[in-house]
Amino acid sequence: MDALLDPNIWIAFAMLTALEIVLGVDNIIFISILVGRLPPEVRDKARRLGLGFAMVSRLLLLFSLSWVMSLTADLFNVLGQGISGRDIVLLLGGLFLLYKASHEIFVEVEAPEQDGPPPTDTAAVKAAGNRLFWSIIGQIAVIDIVFSLDSVITAVGMVDQIGVMVAAVVTSVGVMLVAAKPIGEFVDRHPSVKVLALAFLVMVGMALTAEAFEMHVPKGYIYAAMAFSLAVEALNIRSRGKRRKAAEAAA
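All letters in the sequence shown, in the order written, are residues 1 to 251 by the working numbering.
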């Protein structure tokens, strides 16, 4: 009870929750884009599972803090550069994100027919749908681990109470769960925004890869670039809407 009345606890909780939400933006975008490839009736389920994996992976890492912090110790050296377990995870995650985002941009812009015509046989449709669903959930789970690792290490540097960390993680995932659906629907309605979001994931992948080699890229730079691009695209969307209404009125 005394801890609940301590203003320092609440300040730490608010700061950590806000940080977790900010660090989770790239996670939400990644989930929204992948889930957009699923049939509409299963997208909510995929979002919940994806964010559920995000919460579970963060909590598991929080409850194994000693192991997490041991990942920052160098395992070996390459050209005088120490490589730790965290660096390896970030490198693999960054490369995966670079590949996935680049592939999705290619499919979206150059080869939408790659998805191919839908099968007509009922059993084939169900089997293909199940494979796609669990493939996407698997990809979300993989990248969740990467994002969770960096998020937890950052949290440990800010707060030393495990209860505050757990509460902040659960609260932030709850906020992301509410935000994920409208963000996903907005991205689906505007293909140009989807390409921008994928470009954002490319930048995040590059930042993770650079981080693996001890070259820190502040996420504020990435978010600022993305915010500017979205502001420009918002003006384009508004302009297109006005032109469409004018054309409908003239018709």
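Errors might be hidden in some of the hints.
[To be verified] Derived pair list, reagent style EDC-like, types lysine to aspartate or glutamate, alpha-carbon separation capped at 20 Å:
#: 1; residue 1: K100; residue 2: E211
#: 2; residue 1: K100; residue 2: E110
#: 3; residue 1: K219; residue 2: D87
#: 4; residue 1: K45; residue 2: E185
#: 5; residue 1: K100; residue 2: D188
#: 6; residue 1: K245; residue 2: E233
#: 7; residue 1: K181; residue 2: E41
#: 8; residue 1: K45; residue 2: E233
#: 9; residue 1: K181; residue 2: D44
I should point out that these hints are in silico values taken from the structure, not numbers from a laboratory.
Structure-based check of all given hints:
no.	hint	verdict
1	K100 - E211	holds, 19 Å
2	K100 - E110	holds, 15 Å
3	K219 - D87	holds, 17 Å
4	K45 - E185	holds, 14 Å
5	K100 - D188	holds, 18 Å
6	K245 - E233	holds, 18 Å
7	K181 - E41	holds, 13 Å
8	K45 - E233	violated, 30 Å
9	K181 - D44	holds, 7 Å
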